[in-house]
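Model the full assembly from the supplied sequences, consistent with the hints where possible.
These protein sequences, in sequence, are chains A, B and C.
When the letters of the first sequence are read in order and numbered with the numbering used here, they come out as residues 1 to 278.
When the letters of the second sequence are read in order and numbered with the numbering used here, they come out as residues 1 to 293.
When the letters of the third sequence are read in order and numbered with the numbering used here, they come out as residues 1 to 314.
Some clues are possibly wrong.
Claimed, not checked - Listed next, the in silico SDA-like pairs over lysine to any residue satisfying Cα-Cα at most 25 angstroms (straight line):
1. K249/C x R22/B
2. K217/C x K309/C
3. K249/C x Q9/B
4. K276/C x D19/B
5. K249/C x E17/B
6. K249/C x S184/B
7. K276/C x F15/B
8. K108/C x P32/C
9. K249/C x G6/B
10. K248/C x D19/B
11. K276/C x F18/B
Rather than coming from a laboratory, the hints here were simulated on the basis of the structure.
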Amino acid sequence: MSESFASTLSSTPFAGGGIALHSVTVTYQRHPALHHLSGCFEPGSMTAVVGPNGAGKTTLLRALAGDLLLQSGRIDGLAGQRMAWLPQHSEIDRSFPISVREMVMHGLWHQLGAWGWRRAAHRAACDQALAAVGLTGMEQRPIDTLSGGQMQRALFARLILEDAAVILLDEPFAAVDEPTSADLLRLIAQWQREGKTVIAVLHDLRLVREHFPQTLLLARKAVAWGPTAQVLTEANWLRAKHMREPFDEHAPLCEHTEPNARTASQTAPAHSVKRALA
Amino acid sequence: MTALSGLFQAVAGPFIEFDFMRRALLGCLLLSISAAPVGVFLMLRRMSLTGDAMAHAILPGAAIGYLAAGLSLTAMTIGGVIAGLGVAMGSGLVARHTVLREDTSLAAFYLLSLALGVLIVSVRGNSVDLLHVLFGTVLALDDAALSLLAGIAVTTLVAGALLFRPLVLECLDPGFLRRVSALSPLAHYGFLGLLVINLVAGFHALGTLMAVGIMVLPAATARFWVRSLTALLMLASALALLASASGLLISYHADWPTSPTIVLCLGVAYIVSMLLAPFGLRAQQRSSSHLQA
Amino acid sequence: MKPLHTRRHLLSLALLLPLSLPALAQSAADKPLRAVASFSILGDLVRQVGGEHVAVDVLVGPGADAHVFQPTPAQARQVAQAQVLFSNGLGFEGWMSRLLKTAGYKGKQVVVSQGIAPLKEAGHGGHSHGHSHGHSHGGVDPHAWQNPRHVITYVDNIAKGLCGADAPRCEAYRRNAAAYTVQLQALDAEIANAWVAIPAVQRKVITSHDAFGYYAKAYNVKFLAAQGMSTDSEASAKGVGQLVRQIKKDNIKALFVESISDPRLIEQIGRETGVKPAGELFSDSLSDANGAAATYLAMMRANTAALTKAIKGQ
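In structure tokens:
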């Protein structure tokens with residue numbers, strides 16, 4: 001399925017609004033973590049990214065976020081788009097003396113920058129976001145008093161304020177309880193209604209089936225990409241498990257080239273290069 | 001009444017009578033405003049031991065300044081600042097772009113720098129203790145030293161205010177800052193720059209012990225009392241000033257060397273706070289009652 | 001005819017022979033004695049006594065600080081190859097014993113202060129040394145060379161030491177020592193004379209280094225200091241305050257900055273009392289060859305001139 005998808009993509013001119021991947025390869029020390037991945041995230045779509053461990057799911061998100069350099073291929077549709085990203089393991093220093101509101105307010109960086117004056121409107125938006133995630137009343141609390149679930153809610157509040165067109169979530173429900181994940185899923189559905197593109201890496205297939213209309217089954221390449229019911233089949237899972245082997249120390253050089261694919265010297269759109277070097 | 005006036009005489013007398021005491025107090029005030037807030041961020045970034053490392057790192061700069069212009073304190077201070085900035089920036093670069101973290105990369109750089117400094121001094125054959133000459137004493141703050149301290153204080157406050165939000169985010173969630181702003185390197189290296197100039201200025205005017213002490217101890221002490229960042233910054237400065245004024249007075253009345261006495265006052269405040277303050281050791285104890293919710 | 005020429009030749013030869021003997025003897029013992037002196041002042045004294053017969057290496061050179069001296073490998077080698085080693089003693093060279101052990105020195109050691117009754121270490125009450133560099137003077141003031149009469153004893157010890165290491169040239173050493181002693185006695189008289197014009201009550205000096213105890217005793221001059229003897233001890237606020245009060249009370253006009261220690265404290269005291277720093281005094285070391293204190297005699301004369309000038313207010 002993926003090969004035909006790729007071949008149709010290479011001949012069709014790309015339509016604005018979505019995110020298109022053309023034969024994207026990302027390597028760690030020359031071993032491919034993503035191997036000639038091609039496909040498209042439709043604008044306003046809600047896609048779950050699933051796959052066995054080591055399939056390159058986090059790598060895909062990082063490549064989309066501009067955190068990684070592409071070894072070959074390109075990603076279209078990201079220029080000029082604000083992207084919000086929730087990493088799997090947050091780098092946040094929990095012991096830093098800051099209140100919940102202050103932390104969530106950082107989501108307004110795109111409006112305030114480093115020196116913008118914070119008006120009442122900004123504070124109101126922040127409180128609204130906190131209400132949307134169910135953290136009303138916690139505004140002044142220092143963040144080290146938050147439980148895991150509460151911290152995740154607060155980070156979602158920050159995401160709300162970022163008001164990004166594309167939202168990347170890496171295992172957002174990994175360490176939270178049922179009520180929290182239910183609330184956050186409602187929020188995600190709300191985002192989709194607002195026309196945002198949501199891409200989430202998930203492990204819980206039940207959740208995927210219930211809430212995510214689109215799924216990408218990833219094993220370094222796209223095993224299956226499309227409506228969830230069609231993707232999440234036994235056959236596809238078996239194929240995924242077979243396609244995902246550990247890095248081979250003695251693997252030969254890859255000679256594969258896609259039709260219309262650019263050469264390695266023309267990789268990496270400007271924005272991801274700049275970001276990766278910052 | 002006489003008890004009160006006696007107390008007044010004991011506390012204010014030395015400052016009224018002696019110019020060097022007034023200058024020392026002013027120097028402490030300037031350094032408290034400037035170095036204590038830097039120390040708060042140093043603590044939050046887990047870099048508190050950097051001060052001592054930096055003292056050694058500036059040696060080759062001071063040595064080269066000495067070779068160039070003899071025992072000129074200006075030349076040696078400028079050389080020290082350049083060397084300190086070089087080491088701070090170099091180790092910062094390594095920490096950001098390689099697998100090494102800040103502490104190891106700094107240790108590597110300062111050791112290299114120190115060895116270079118010792119080599120330069122030894123090859124020249126002169127055994128004058130450079131570090132001692134470079135590091136001044138709080139009782140001898142001339143106009144040049146006070147101007148330097150004032151300049152550093154103003155620079156720190158202005159730069160700190162401008163860099164405040166990026167710096168907070170850099171400490172709290174550096175990945176987030178990198179994605180939303182191009183200011184991340186500015187926050188990182190700007191902070192290192194502030195650190196170096198505060199340390200070198202402190203060394204120049206007040207000596208090794210005091211400069212590092214007044215940066216690190218008030219921040220640690222304040223942490224036992226308050227939980228918000230703004231409160232930390234203000235309390236650290238206030239504690240620094242209070243302790244250094246007390247240290248000055250005690251050194252005067254007890255005839256003790258001044259710099260160590262000031263740092264000891266800071267240290268006593270630290271220990272007392274650890275024992276008595278709400279977020280010190282008392283936080284570990286079980287309270288006798290609890291709330292309903 | 002011929003016998004006359006031969007006799008003249010023989011006579012001139014006979015006359016030349018005794019003259020050549022010393023030359024022969026010299027060429028055998030021509031090599032100068034290798035000596036090491038611990039610091040520059042001592043080096044000068046040894047040179048004065050040894051003359052051209054002694055090659056002196058100085059460990060702590062002009063302008064360097066003997067309190068924080070760190071010997072280099074080259075200097076350890078000099079010590080190892082020396083035939084006689086001169087040190088001040090009285091706790092001045094805290095690093096000496098380690099250096100001798102490192103260099104494996106087994107030759108003659110001369111402590112030139114032997115025979116001198118030392119003064120106790122001065123220092124204002126309650127004041128303690130700051131972080132020391134492993135040297136303590138053991139409560140004794142080592143700067144005995146500040147009194148020329150003690151230096152006469154030094155010179156005597158030096159001559160004895162040189163004689164012990166190099167007996168053939170002992171005559172020369174004694175002669176040099178005697179000549180130099182005459183100069184030292186003249187220096188002593190000269191200094192005493194310089195102070196006669198100044199009444200004892202006005203003989204008060206502030207300096208940042210407590211190294212002039214022996215000079216003070218010899219010529220009845222009071223040296224007041226803000227710091228102790230070593231260059232790295234910390235000043236105390238009380239001590240500085242007392243000093244400022246005393247300067248103001250006694251109207252002391254002479255303020256001196258050491259060539260080694262931190263001049264800023266001295267300048268601050270000077271600013272507060274209205275007294276300007278009056279140049280430098282040489283305490284532990286000579287200046288370099290172009291300076292005002294290239295030899296011991298020059299040093300003492302320079303110090304005395306500076307002191308008297310400052311007090312007289314010139």
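#### Entry: Holds or violated: K108/C to P32/C, with C-alpha atoms at most 25 angstroms apart
16 angstroms, holds
### Message
Run the distance test for K249/C versus Q9/B: straight-line Cα separation, threshold 25 angstroms.
### Response
Answer holds: K249/C to Q9/B is near 20 angstroms, not above 25 angstroms.
### Pairwise hint evaluation, D19/B against K276/C, where the allowed Cα distance is 25 angstroms at most
Distance ~16 angstroms between K276/C and D19/B Cα, so the pair holds.
### Task
Measure nothing beyond the straight line between the CA atoms of K249/C and G6/B; if it is 25 angstroms or shorter, mark the hint as holding.
24 angstroms, holds
### Query
Given the proposed pairing of K248/C with D19/B, does the C-alpha separation stay at or below 25 angstroms?
13 angstroms, holds
### Query
Given the hint that K249/C pairs with S184/B, does the C-alpha gap stay at or below 25 angstroms?
Given pair K249/C, S184/B is violated - Cα atoms ~60 angstroms apart, limit 25 angstroms.
### Query
Are the Cα atoms of K249/C and E17/B separated by 25 angstroms or less?
Satisfied, since the Cα-Cα distance of roughly 14 angstroms is no more than 25 angstroms.
### Hint consistency between K276/C and F15/B [alpha-carbon to alpha-carbon, up to 25 angstroms]
22 angstroms, holds
### Query
K276/C and F18/B: Cα distance at most 25 angstroms?
Holds - the C-alpha atoms of F18/B and K276/C are around 17 angstroms apart, at most 25 angstroms.
### Query
Within a Cα-Cα threshold of 25 angstroms, do K217/C and K309/C meet the stated pairing?
Satisfied, since the Cα-Cα distance of roughly 20 angstroms is no more than 25 angstroms.
### Query
Taken at face value, is the distance from the CA of R22/B to the CA of K249/C at most 25 angstroms?
With Cα atoms ~21 angstroms apart, K249/C and R22/B stay inside 25 angstroms; holds.
The structure fails hint 6 only (numbered hints given earlier).
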